[in-house]
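Assembly of the complex is requested from the two constituent chains, each provided in isolation within its own frame, with the hints serving as guidance.
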Amino acid sequence: MSALAEAAPAPEASTAPGPVTMAAALNRALRDAMAEDDRVVVYGEDVGPLGGVFRVTDGLQAEFGDERIWDSPLAESGIVGTAVGMAMYGLRPVVEMQFDAFSYPAFEQIVSHVAKMRNRTKGRLQLPMVIRIPCAGAIGGVEHHSDSSEAYWTATPGLTVVTPSNPADAYSMLREAIASDDPVVFMEPKSRYWAKAELALPVTTAPMDRALVLREGTDVTLLAYGPTVKTALDAADAAASEDLSIEVIDLRSLSPFDDETVSASVRKTSRAAVIHEAAQFGGYGAEVAARVTERNFHWLAEPVLRIAGFDIPYPSPKLESFHLPTADRVLHALAGWNWDLA
Amino acid sequence: MSLNVELPPTRTLPPEKPLRLLDNAGHAVTGRDTGGFALPDLATLVELYRRMVIARRFDVQVTALTRQGRLATYPSALGQEACEIGAVSALDADDWLFPTYRESVALLTRGIDPAEILVSFRGDWHNGYDQRAHRTAAQATPLATQALHAVGLGHAARLRHDPIATLAFLGDGATSEGDAHEAFNFAAVWQTPTVFLVQNNQYAISVPLSRQTHARTLADKAVGYGMPGYHVDGNDVAAVYAVTRAAVERARAGLGPTFIEGVTYRVESHTNSDDPTRYRQQREVEHWKRRDPIERLEKYLVSEGALGDALREEITEAAEALAARTRAAMSAEAEISPLELFDHVYASPRRQLAEQRERLAAELAAELEPSGAER
Numbered sequence: 001m002s003a004l005a006e007a008a009p010a011p012e013a014s015t016a017p018g019p020v021t022m023a024a025a026l027n028r029a030l031r032d033a034m035a036e037d038d039r040v041v042v043y044g045e046d047v048g049p050l051g052g053v054f055r056v057t058d059g060l061q062a063e064f065g066d067e068r069i070w071d072s073p074l075a076e077s078g079i080v081g082t083a084v085g086m087a088m089y090g091l092r093p094v095v096e097m098q099f100d101a102f103s104y105p106a107f108e109q110i111v112s113h114v115a116k117m118r119n120r121t122k123g124r125l126q127l128p129m130v131i132r133i134p135c136a137g138a139i140g141g142v143e144h145h146s147d148s149s150e151a152y153w154t155a156t157p158g159l160t161v162v163t164p165s166n167p168a169d170a171y172s173m174l175r176e177a178i179a180s181d182d183p184v185v186f187m188e189p190k191s192r193y194w195a196k197a198e199l200a201l202p203v204t205t206a207p208m209d210r211a212l213v214l215r216e217g218t219d220v221t222l223l224a225y226g227p228t229v230k231t232a233l234d235a236a237d238a239a240a241s242e243d244l245s246i247e248v249i250d251l252r253s254l255s256p257f258d259d260e261t262v263s264a265s266v267r268k269t270s271r272a273a274v275i276h277e278a279a280q281f282g283g284y285g286a287e288v289a290a291r292v293t294e295r296n297f298h299w300l301a302e303p304v305l306r307i308a309g310f311d312i313p314y315p316s317p318k319l320e321s322f323h324l325p326t327a328d329r330v331l332h333a334l335a336g337w338n339w340d341l342a
Numbered sequence: 001m002s003l004n005v006e007l008p009p010t011r012t013l014p015p016e017k018p019l020r021l022l023d024n025a026g027h028a029v030t031g032r033d034t035g036g037f038a039l040p041d042l043a044t045l046v047e048l049y050r051r052m053v054i055a056r057r058f059d060v061q062v063t064a065l066t067r068q069g070r071l072a073t074y075p076s077a078l079g080q081e082a083c084e085i086g087a088v089s090a091l092d093a094d095d096w097l098f099p100t101y102r103e104s105v106a107l108l109t110r111g112i113d114p115a116e117i118l119v120s121f122r123g124d125w126h127n128g129y130d131q132r133a134h135r136t137a138a139q140a141t142p143l144a145t146q147a148l149h150a151v152g153l154g155h156a157a158r159l160r161h162d163p164i165a166t167l168a169f170l171g172d173g174a175t176s177e178g179d180a181h182e183a184f185n186f187a188a189v190w191q192t193p194t195v196f197l198v199q200n201n202q203y204a205i206s207v208p209l210s211r212q213t214h215a216r217t218l219a220d221k222a223v224g225y226g227m228p229g230y231h232v233d234g235n236d237v238a239a240v241y242a243v244t245r246a247a248v249e250r251a252r253a254g255l256g257p258t259f260i261e262g263v264t265y266r267v268e269s270h271t272n273s274d275d276p277t278r279y280r281q282q283r284e285v286e287h288w289k290r291r292d293p294i295e296r297l298e299k300y301l302v303s304e305g306a307l308g309d310a311l312r313e314e315i316t317e318a319a320e321a322l323a324a325r326t327r328a329a330m331s332a333e334a335e336i337s338p339l340e341l342f343d344h345v346y347a348s349p350r351r352q353l354a355e356q357r358e359r360l361a362a363e364l365a366a367e368l369e370p371s372g373a374e375r
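Just so you know, the sequences run in chain order A and B. Just so we're aligned, residue 1 is where the first sequence starts under my numbering, counting upward by one. Just so we're aligned, residue 1 is where the second sequence starts under my numbering, counting upward by one.
Just so you know, these hints were derived from the structure itself, not from any lab. Honestly, I wouldn't trust all of these hints.
As the list claims (entries may be wrong) - Among chain B residues calculated to face chain A with C-beta under 8 Å, some are: (1) Ala150; (2) Leu159; (3) Val345.
To be verified - Some chain A residues near chain B, calculated using beta-carbon distances under 10 Å: (4) Arg68; (5) Glu76; (6) Ile79; (7) Gly85; (8) Pro93; (9) Arg118; (10) Thr160; (11) Asp209.
The C-beta atom is built at its ideal place from N, Cα and C for all residues, glycine as well.
Isolated chain B, as found in the complex (with noise of 0.2 Å):
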């Protein structure tokens, strides 16, 4: 393994100890497992526990809403905080980012307000905000798809000589997607400013990492592309915001796309309607509960005394506002226009769908007749 340290990441593998710049203790990491990153400074660290204590509260009040009816289906990234917030937190506001849906939290640190992360859970339309205004592409249901787009405006970026990045959220699943494969290589012929983050949460549904894949570690399929590929603690808030950000700049340089493995665990089940009992004990879950990434920053925050009880209790408050807003924006009467379903197929009319709408809209008039009208 010495042998290859001086070679350029795109022709060694990485370790397969995942790079950690703070351990599970909340020690800063010396030495070689730090991959050569610096610690972020303490206030980017305080911002990214903050931004991660509120998108632990979001995440919680969310799922309670999704027991409670409100919402159709909700897919919780808890325990996947530091991945979803240290990977959107080193974008600049003039990048592109890519989310599945299991970012929601990513969004809400993207500046997305919760209703409108929640319109496509709720079930009012397959998606609720504003993409070019936020830079963000709308969540992606089919695995991996999302990643091609990224990869195709990051080109089109390059092509225009805007110097920005575009980064495409993927999950261990997806990595056996053909689309996954095509989008890396693409980015890697082409060179295009994308970062590919892949949460290795373990699971797909209820499908182990061990059945997608035989290779050592997901972030060895990089070398293969010839990209750079990094192997992360995904717990491990410092090392994916530090890592993430170095492969920001690399790509908005013109220096070319960066695989990045974040390994973390699925807390909770896939979406609500999901049983995981059913395929893992609950003594792996408890061993992951003791690797939580906000405990681990914690630690390490408290040890440095930058994080005392007024900004605890700052915190928890803003973290508290953001559930309570969450919860009245759920609990208000969701705004749906059944006409509105033939207004965005096309930009140009089609007299076939201005005819459905006459009679969906005949359909509703009737229906607002008074009773004892004749059926």
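So that you can see chain A by itself, here it is in the shape it has in the complex (with noise of 0.2 Å):
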């Protein structure tokens, strides 16, 4: 293992500020945590020649050569199984699991082993790898490419999952996810992979387990993550046009659950809602509601809303725009409130 210790940083050239997606983001941040760290190492389903189907591996190959990101065979229990060794060795793999509902032959492997391993073995042997999980829907996929997992994930203690919803957050987070010692679960939302900021290389933005407020609003909470930040976003624009100001916070962080940063704006606004595309019934959105009347029950004008997706199997291309929670389908719900005692 003494060539570990050898590795020495490779300095990380900054660009000029431009368009970047959140795809190229990505595969910055797992050029420059390559190049840094030669513990890394990237393997998966065609992220070798073909850079990944979203291209979020393009050029890496080229670069590190196949023994630092390789194709691996097409079965996700041995990815993630292989990679849980290879971390028990001291490599640092970030495997990809190219979509969501893929990831489900590597359930057994992530809640049986990667979830659990450091506490089965009292921290003797960690796990410092990183599942990346393209995720969620509005990409026009057929069935199985669109859906949304996290409550699997966010259910099993021993993982850490995390959702950038913007290509600065994408690139900090997953370099923070690689040099984590625990297990984290990268989920990427592909609707967003092709997104664009103006934004210079390399960047650090807040710690990956704090939710950000990315608008400040006086009436209402919004919680989204991933896809629907944009959403909320969206509809927090709309709605300030009619004179209601919504408050807009992008989690981030799914496990742990930053419930500093959102009780303190739920106070401040005492109107909370919760927006995601996965199913409501049992959702991640079921957890945030009861949580945060939990903590803030006397603070609240109004019960926490869950906006999300019905509960229904991912519908087909033509159908997932009736599914998908949209500016307007979020509005619609807050103004359901009794907004006379305000």
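Pasting the structure below:
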């Protein structure tokens, strides 16, 4: 293992500000992490010469060679299970699940080993690994390409679950996830891969376990993450013209949950709603609503709302727009509160 | 069949008759049944005998302690000592071992303290030994999952140019699991330094091998993955040791993975809570008891003049001393700390767990208050 200690940090050349997509920011984060630390290895399905089906690993094999980034056999449990062994040996594997619903074959490895290894060995074996999962819908994907499976992971103690909503966070949070000694499920909203932001890389944003207030408001707190952050911001824009002041919080970290930031906002606005694409019943929003209510009941004027996908399997491309929460649906839901008491 | 003899082992099915170096009467085997493997030297065989006798005594002792209620459960490996001790003895100190819950005697042979081996079965914690110090993963319960860890760790070592091998134990039932197939395939594609030791002990709890596979032997599967497969008499410790040692050396030399099926028998029940009379005949058990791995080697060593009364006595004393140490350890009060429940889940501290830890601490403090306190 002596070779590990000799890895010298590579200088991070910063780029001039310019338009950067989330996919490009993730690509750069992987590249910088690989350059800085030779324990970082990347593998999965089609991540090599193809550069990933979303091109997040574009060019990395040419730069680092196939001992640092390679195409594995097509078997997700095998991908995650072998990453467990690599992390035990001191590497920092970053594996890609290609699509949310294709992570399910790895469920047992993630739940029974990735999440539990540190605890069952009393911290003697920790697993510094990242499981990247392109997630959620709104990309016209056929069946099994648009699931929002975050609640499976957040219901599992031992996992850290984060999801960026923009290119700057995508870079900074992926770097932090790779540097973490805990295993991280890193959920990448597919519908935001090609959204651009003016950005110079590298960039360091808030720590990945913190929620961020993206837009301040006084009447309502909208809690969103991943793909629904844009929905919340759109709703806030539209509401402003109707004299409704919406505060938008990007949760960023689903586990752990940043109670401090969320409670401070809710106590200010006294109304809160959580937005996600996943089905409502038993979804992550249920935990958010319960948690916010338990901690802030006496500050709340209305029950915490969940604005979520219907309790149905994810629809086919021509029907998905009816399923996904939109800014209109958010505003309609907020209108259902009794505002006379305000 | 003779047409295939000259082909490399990755291209041929193993002989249906298991490879063996000592027959059940304790005679050295010669010819084709040896698969070309040589009988280990006498000193090695004596050491394997010593380890098996001590392992048997340990296993019987722990089963007894479990019946007395000292342990929550215990999966015995009685009758499987040749596989467990033979394979682990073939490892070097820097190789990594990936055991299942049935490998207690393999762990003993690896040099792990009895009290630490039994932590999980007593219920003190999920695992009790230092995995890094012993280069031995925590006992895996979900079947075949650990085989992928062995492949991954072996691949990592290879990427770092560390010439080590990894040994994964699996059972016959585990070969039906998807993770077993993924592990075999990843190991072969990546040419990882992994040895898969499948202990075919004939039963997955109550389900016989005939309901797990339609293959002629489990070792047949190796051919499909493009790796050597050996069908070995799993009650012949000389054969298990020799074949595993060759596989470990292949692995350490960068020549890729090997699949070994050891044909053996689970003489005891699955665990103490199992009732094998519901699914197998006593005469089958008696049949296998007559193929005892320890008696077989003993006959050979006696015939070679390598096992005299003095050595026998010395080994018995060592076995009894270990049994006494195990009894003492299991009689001692377990050291459990409820607040430790929160301490190892994450490397990065979590406020959420800190809050819950405080709640439990308050509950514990309240329980300690003198009786008569308000409830």
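Checklist entry - Would the stated hint for glycine 85(A) survive a check requiring a Cβ distance to chain B of less than 10 Å? => result This interface hint holds because 3 Å falls under the 10 Å limit.
Item to check | Status of the hint placing threonine 160(A) at chain B (closest C-beta pair under 10 Å) | outcome: Result: holds, 7 Å to nearest chain B Cβ.
Next on the checklist: Just to be careful: measuring from the Cβ of arginine 118(A) to every Cβ in chain B, is the smallest value less than 10 Å?
Outcome noted: holds (6 Å)
Item to check | Hint check: 10 Å Cβ-Cβ cutoff, proline 93(A) to chain B | outcome: holds (8 Å)
Next on the checklist: Under 10 Å is the threshold here; is the Cβ of arginine 68(A) close enough to any Cβ of chain B for the hint to stand?
Outcome noted: holds (8 Å)
Next on the checklist: Holds or violated: the hint that glutamate 76(A) contacts chain B, with Cβ atoms closer than 10 Å.
Outcome noted: It holds, given that the least Cβ distance between glutamate 76(A) and chain B is near 9 Å, below 10 Å.
Next on the checklist: Holds or violated: the hint that leucine 159(B) contacts chain A, with Cβ atoms closer than 8 Å.
Outcome noted: holds (6 Å)
Checklist entry - Measuring from the C-beta of alanine 150(B) to each C-beta in chain A, is the shortest one below 8 Å? => result holds (6 Å)
Checklist entry - Should the interface hint for valine 345(B) be scored as holding, given a Cβ-Cβ cut-off of 8 Å against chain A? => result With Cβ-Cβ at 5 Å, under 8 Å, it holds.
Checklist entry - Does isoleucine 79(A) pass the interface check with chain B, least Cβ-Cβ distance below 10 Å? => result holds (9 Å)
Item to check | Hint status (Cβ of aspartate 209(A) to nearest Cβ of chain B, threshold 10 Å) | outcome: This interface hint holds because 8 Å falls under the 10 Å limit.
Checked against the numbered hints given earlier, the structure satisfies every one of them.
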